[in-house]
Amino acid sequence: MRYLPLSHNDRTEMLAKIGVRHVNDLYKDVPATALLKEPVDLPDHMSEMQVDRDFRAMAEKNIPAGSHPFFCGAGAYRHYVPSTVDYMIQRGEFLTAYTPYQPEISQGTLQALYEFQTQVAQITGMEVANASMYDGSTACGEAVLMARRASRKKKAILSGSLHPQYIEVAKTATKYTDDVTVVNPVDIYDADALIDQIDDETSCVVVQNPDFFGNLQDYSKLAEALHARKAILVMVVTEVVSLGAVRSPGSMGADIVVGEGQSIGNGLSFGGPYVGLLATRQKLVRTMPGRVCGETVDADGKRGYVLTLSTREQHIRREKATSNICTNAGLCTLAFTIHMTLLGEKGFRHLARLNHAKAVKLADKLAAIDGVEVMNDNFFNEFTVSLPIDAARAIERLAEKQILGGVPLSRLYPDNEKLKKQMLVAVTETVTDGDMDRLVSELKEQVNAK
Amino acid sequence: MLNKQGRQTDIVNLTELPQDSFATHSGNRGLEQDELLIYEIGDTERTGVDLEEVENFENRLGGITREDKIGLAGLSEPETMRHYTRLSRMNYAIDMGLYPLGSCTMKHNPRINEKVARLPGLADIHPLQPMSTVQGALEAMDKLAHWLKTLTGMPAIAMSPKAGAHGELCGLMAIRAALDKRGENRSIVLAPESAHGTNPATATLCGYKVKSIPATENGHVDLEALKEALGPDVAAIMLTNPNTCGLFERDVIEIADAVHDIGGYFYCDGANFNAIVGKVRPGDLGVDAMHINLHKTFSTPHGGGGPGAGPVVLSEALAPFAPVPYVVHSKQGFALVEHMEDGSDSFGRMTAFHGQMGMNIRALAFMMSHGSDGLARVAEDSVLNANYVMASLQDDMTVSYPGPCMHECLFDDRFLNGSGIATLDFAKAMIDEGYHPMTMYFPLVVHGAMLIEPTESESKQSLDQFIGSLRHLVAEAKAGNTELFSGAPYLAPLRRLDETLAARKPVLRWTKPE
Numbered sequence: 001m002r003y004l005p006l007s008h009n010d011r012t013e014m015l016a017k018i019g020v021r022h023v024n025d026l027y028k029d030v031p032a033t034a035l036l037k038e039p040v041d042l043p044d045h046m047s048e049m050q051v052d053r054d055f056r057a058m059a060e061k062n063i064p065a066g067s068h069p070f071f072c073g074a075g076a077y078r079h080y081v082p083s084t085v086d087y088m089i090q091r092g093e094f095l096t097a098y099t100p101y102q103p104e105i106s107q108g109t110l111q112a113l114y115e116f117q118t119q120v121a122q123i124t125g126m127e128v129a130n131a132s133m134y135d136g137s138t139a140c141g142e143a144v145l146m147a148r149r150a151s152r153k154k155k156a157i158l159s160g161s162l163h164p165q166y167i168e169v170a171k172t173a174t175k176y177t178d179d180v181t182v183v184n185p186v187d188i189y190d191a192d193a194l195i196d197q198i199d200d201e202t203s204c205v206v207v208q209n210p211d212f213f214g215n216l217q218d219y220s221k222l223a224e225a226l227h228a229r230k231a232i233l234v235m236v237v238t239e240v241v242s243l244g245a246v247r248s249p250g251s252m253g254a255d256i257v258v259g260e261g262q263s264i265g266n267g268l269s270f271g272g273p274y275v276g277l278l279a280t281r282q283k284l285v286r287t288m289p290g291r292v293c294g295e296t297v298d299a300d301g302k303r304g305y306v307l308t309l310s311t312r313e314q315h316i317r318r319e320k321a322t323s324n325i326c327t328n329a330g331l332c333t334l335a336f337t338i339h340m341t342l343l344g345e346k347g348f349r350h351l352a353r354l355n356h357a358k359a360v361k362l363a364d365k366l367a368a369i370d371g372v373e374v375m376n377d378n379f380f381n382e383f384t385v386s387l388p389i390d391a392a393r394a395i396e397r398l399a400e401k402q403i404l405g406g407v408p409l410s411r412l413y414p415d416n417e418k419l420k421k422q423m424l425v426a427v428t429e430t431v432t433d434g435d436m437d438r439l440v441s442e443l444k445e446q447v448n449a450k
Numbered sequence: 001m002l003n004k005q006g007r008q009t010d011i012v013n014l015t016e017l018p019q020d021s022f023a024t025h026s027g028n029r030g031l032e033q034d035e036l037l038i039y040e041i042g043d044t045e046r047t048g049v050d051l052e053e054v055e056n057f058e059n060r061l062g063g064i065t066r067e068d069k070i071g072l073a074g075l076s077e078p079e080t081m082r083h084y085t086r087l088s089r090m091n092y093a094i095d096m097g098l099y100p101l102g103s104c105t106m107k108h109n110p111r112i113n114e115k116v117a118r119l120p121g122l123a124d125i126h127p128l129q130p131m132s133t134v135q136g137a138l139e140a141m142d143k144l145a146h147w148l149k150t151l152t153g154m155p156a157i158a159m160s161p162k163a164g165a166h167g168e169l170c171g172l173m174a175i176r177a178a179l180d181k182r183g184e185n186r187s188i189v190l191a192p193e194s195a196h197g198t199n200p201a202t203a204t205l206c207g208y209k210v211k212s213i214p215a216t217e218n219g220h221v222d223l224e225a226l227k228e229a230l231g232p233d234v235a236a237i238m239l240t241n242p243n244t245c246g247l248f249e250r251d252v253i254e255i256a257d258a259v260h261d262i263g264g265y266f267y268c269d270g271a272n273f274n275a276i277v278g279k280v281r282p283g284d285l286g287v288d289a290m291h292i293n294l295h296k297t298f299s300t301p302h303g304g305g306g307p308g309a310g311p312v313v314l315s316e317a318l319a320p321f322a323p324v325p326y327v328v329h330s331k332q333g334f335a336l337v338e339h340m341e342d343g344s345d346s347f348g349r350m351t352a353f354h355g356q357m358g359m360n361i362r363a364l365a366f367m368m369s370h371g372s373d374g375l376a377r378v379a380e381d382s383v384l385n386a387n388y389v390m391a392s393l394q395d396d397m398t399v400s401y402p403g404p405c406m407h408e409c410l411f412d413d414r415f416l417n418g419s420g421i422a423t424l425d426f427a428k429a430m431i432d433e434g435y436h437p438m439t440m441y442f443p444l445v446v447h448g449a450m451l452i453e454p455t456e457s458e459s460k461q462s463l464d465q466f467i468g469s470l471r472h473l474v475a476e477a478k479a480g481n482t483e484l485f486s487g488a489p490y491l492a493p494l495r496r497l498d499e500t501l502a503a504r505k506p507v508l509r510w511t512k513p514e
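Line order of the protein sequences matches chains A and B. Residue numbering for the first sequence follows the numbering used here, beginning at 1 and increasing consecutively. Residue numbering for the second sequence follows the numbering used here, beginning at 1 and increasing consecutively.
No lab work stands behind these hints, which were simulated from the structure alone. The beta-carbon is built from N, C-alpha and C at its ideal position, and this holds for glycine as well. Errors might be hidden in some of the hints.
Pairs of lysine-lysine residues, derived as PhoX-like cross-links and limited to a Cα-Cα distance of at most 20 Å, are as follows [said to hold, decoys possible]: (1) A:346 with B:115; (2) A:17 with B:69; (3) B:505 with A:302; (4) B:460 with B:478; (5) A:175 with B:181; (6) B:505 with A:171; (7) A:320 with B:211; (8) A:421 with A:450.
Which residues of chain A face chain B? A partial, calculated answer using Cβ under 8 Å [to be verified]: (9) 168; (10) 366; (11) 368; (12) 377.
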């Protein structure tokens, strides 16, 4: 077996040193009835070539985004990731290192995390960020729990235009704590409607910008209303590229910002692994969940970085910890940081502008089809389209023509009749004019054939 | 053997090395290169990407265009390459040497796993594409589920948890949901003293109070104390098996029966599954739920702290409470059930989309490479290696509990008594020997714990070198050479870091100097 270095002789010598005859003697504490006599019923080992072949066969049954016109979003976006990123994260020193508990021999990981935290704080317009969470949705659940710790109140109000799966995750996260989660219907989401719901028990209001349907809003008034009641504004950003064009949550008065960072540096990967962002104000850091990296000095006075504020964490505080979380999204944060470093401010803003320009172009083309309506007055790189036909069926038919045309809202709201004919269309820098034309002409054909 | 190139191994005089006489203008020392932050190298005008020009258009951002300076530093591509390459060289990694972190299972990460996880058909697919366009991806998820269920002897699995602690949360939530369904309002979760910190933290998130169960002097759960603690208010026990003292809980079946007798559930922390994979099925031990750290037993890269993956296998009793989504298979092919159907007992959803697909692919490649025969060998070799280390060092260091151990061996600091050297100092001196330290001060049940897990990836030769280094350090400690330890590390990119300062005055980001 190519991964196991011990030879038969080694094993014999080592057993002798230990003073037992057979390796099963080392399993003497296992109840005899439970120690398997036969291998489990699974295939035997394979050569690397066979493994490669089996995976290729599975991969070939899927339609990859890159080979076809592609317009899916809804919280996961296809952007072009420079080759440098994937090369660098595969360097063994990054790939095969553990969590940096021994800072003297982990400065590579730690300094990159420090850069990551700075980048996240900058794009969200916040003072500090942690070293990442599992993904945007779990970060959102953690933000609700954090808002409760910070405000000492228990009622979280969720906007109706928050990503429906984020809503479900937040509900799960608070299911067995004594928090109250108020979930609004899809059509209650604007700042004014949410302001009316704030009361003295409210810990936070959670909104998303751009929201799940692609709409942009200024939440400054909501933030003021919350602060007047000593409550917290949690803002969710599922498409971080928008932050290169749209005013930052920090500038609107957000107290906690959570984001899905996948768009920068990370591929679609069928939903994971992604990278959750969590940024906040300096005064709230001790209520923050997750790992965080900070600057310090070594015994010679040289600058260095360590994991810090661990007195919040489970390995020290156990049942009193701010979260049970024990890892971050390590390598995905590194990919984020390297991609963001390649972009820089100039590239990040350019990328955002490019996304928005292409989305505007496609929105206009789709709106020109008879019977098709773009539902948004404003948006970043994703918008909701209303069709005169069932959207899920339309997308299936597009897929038969090798076009991945978007996400039907019925996939996420199966019981909402009003949304059956609507779909989300996302447009990133990867979309060409030719891709747009194919989508438009195929949709036009379907609509006309109605 | 260690000294083929005539390298200096007598490091006793390290503190007297004439550092200043080697002072360089750059601050670099040969291949050891200092590296500034991107913010000190780059600026907001520099970029390492070329993007197509944007034609003029009227923006539709609704009047909330970002006007402020973000402050992001950019670097050109060669600068970026150099910056992160230099940083990478300041890390220790499994590719560089033995990584004996107990309960972390730092084993070899095969590159075929990386390769197949990057096949466009598996990497470049969207989680909400029509299911007809991702049949191969669903097949891979289903296949991994089958392997994990077969290896654990459990009937059901939740694939979406994103890390071990997330898996714990999933398992405990299933337990809570099952008890709620029975209309029972139990309030206590039992966990041994030696449990990972995540166990009590997770129980709290599910609304439970944690009661700690002591260990016997042999490092096992105290069965009598456990039985005494059991009662109608106990929802579950969370037990790591093999436990964090490196021992298999020999009373595990009796523990499971006792917990079931009072109507509670048995959550097993699967962090140490590597010792028994292919040899023992947790389902045969009476386990109701167990998470599997794919990044431990099944070798998905730790990546400097993630991403992990923590699928949870469930017993028949807990299966109905599993979270969405899950894969189903019919004549029409594979499909994902993403929503709770009417009357479903599922406790809900743990994450957007379907979990850590990229990690699932890597883990499946690892399993298929080993096969049923190879995975049992993994367990055996990992246990053999740990016992070999323990047997070789038992006269030098103090073994906490008599062996045999499982895949990790536990020492405490009695061998350092009177030397003035603490576990931390001893561990830091290992860095100068070219090793990552073992897990320190965990588990909490022994004083100054040192938990060593070599994994099956180490050759005998590698273990012998490691053992030689530890013996050398023990001899130095016993000879009273305290400086070698108190100042360590001397030979790492940085000397010992001031963690107190970092926590007292947290500086968590770069800011532009005034």
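Exercise. So which hints don't hold here, by number, going up?
Worked result: Those not satisfied are hints 1, 2, 4, 6, 10 and 11.
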